[in-house]
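Novice: Sequence:
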Amino acid sequence: EQSYPDLQHNILQLGMSSHGSTSSSTYAGQSSLPRLPIPTLEETLERFPAAVSALLSSSRDDESNSDGAKNSKEMEECLEEIQKFLTTDGPVLQKLLVEYDEKGRE
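Heads up: the sequence shown begins at 513 in my numbering, then just goes up one per residue.
Mixed in with the good hints, there may be bad ones.
[What the hints assert, rightly or not] Straight line, CA to CA, 16 angstroms or less: simulated EDC-like cross-link-like pairs of lysine to aspartate or glutamate:
no.	residue 1	residue 2
1	Lys596	Glu558
2	Lys585	Glu554
3	Lys607	Glu554
4	Lys607	Glu555
[Claimed, not checked] Here are the computed distance ranges between Cβ atoms for each label pair:
no.	residue 1	residue 2	range
5	Val610	Gln542	17 to 25 angstroms
6	Leu545	Ala581	29 to 37 angstroms
7	Ala566	Ser537	28 to 36 angstroms
8	Lys615	Ala540	20 to 28 angstroms
9	Ala563	Thr600	16 to 24 angstroms
10	Glu593	Thr538	34 to 42 angstroms
11	Lys582	Leu545	25 to 33 angstroms
12	Lys615	Gly541	36 to 44 angstroms
Worth flagging that the hints you see were computed from the coordinates, not collected in a lab.
Bear in mind that the values here come from a model prediction, so they are computed numbers and not experimental data.
The beta carbon of each residue, even a glycine, is placed where N, CA and C say it ideally should be.
Make the full structure from the sequences, and use the hints.
Specialist: This is the structure in structure tokens:
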């Protein structure tokens with residue numbers, strides 16, 4: 513864990529003044545950050561239903577219980593679309609994303 517002076521120094525190195533305003537462009541330190549790995553299409557699609565479920569749950573909280581069945585049907589439709597995407601556009605788009613990322617690393 514970094515100490516406060518080290519952390520403050522790192523913030524200043526990224527172009528931030530001690531008052532929080534930028535002294536250069538927003539992305540000045542972008543090139544010094546490590547690149548994140550691109551997850552596989554399967555990993556992404558495994559996580560996607562949880563995000564959708566959270567959205568359906570929040571809409572369910574705002575509406576009556578009769579909409580719970582509607583949300584369940586919407587989730588089923590979403591899962592079907594995920595499976596379709598996995599076998600249609602998904603692999604092509606994933607390949608393009610990986611190629612784009614590799615060019616950015618050169």
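Novice: Given a hint of 16 to 24 angstroms, does the C-beta separation of Ala563 and Thr600 actually sit inside it?
Specialist: Holds, since Ala563 and Thr600 (Cβ atoms, about 20 angstroms apart) stay within the stated range.
Novice: For the range 25 to 33 angstroms, tell me whether the beta carbons of Lys582 and Leu545 fit it or not.
Specialist: Between Lys582 and Leu545, where Cβ atoms are some 42 angstroms apart, the hint is violated.
Novice: Could one say that the CB atoms of Leu545 and Ala581 fall in the range 29 to 37 angstroms?
Specialist: Since the Cβ atoms of Leu545 and Ala581 sit about 45 angstroms apart, the hinted range of 29 to 37 angstroms is violated.
Novice: So the hint says 20 to 28 angstroms: do the beta-carbon atoms of Lys615 and Ala540 match that?
Specialist: 22 angstroms, holds
Novice: Regarding the pair Lys607 and Glu555, is the alpha-carbon distance no greater than 16 angstroms?
Specialist: Distance of about 14 angstroms is within 16 angstroms: holds.
Novice: CA of Lys585 to CA of Glu554, is that 16 angstroms or under?
Specialist: 23 angstroms, violated
Novice: Is it true that the CA of Lys607 sits at most 16 angstroms from the CA of Glu554?
Specialist: 13 angstroms, holds
Novice: Go ahead and decide if the range 34 to 42 angstroms is satisfied by the Cβ distance of Glu593 to Thr538.
Specialist: 35 angstroms, holds
Novice: Take a quick look at whether Lys596 and Glu558 sit within 16 angstroms of each other, Cα to Cα.
Specialist: 14 angstroms, holds
Novice: Hint says 28 to 36 angstroms; check whether the CB-CB distance for Ala566 and Ser537 agrees.
Specialist: Hint holds: Cβ distance 34 angstroms, inside 28 to 36 angstroms.
Novice: Confirm or reject the claim that Val610 and Gln542 have a C-beta distance inside 17 to 25 angstroms.
Specialist: Distance hint for Val610, Gln542 holds at roughly 20 angstroms.
Novice: Are Lys615 and Gly541 spaced within 36 to 44 angstroms by their CB atoms?
Specialist: 21 angstroms, violated
Checked against the numbered hints above, the structure violates hints 2, 6, 11 and 12; every other hint is satisfied.
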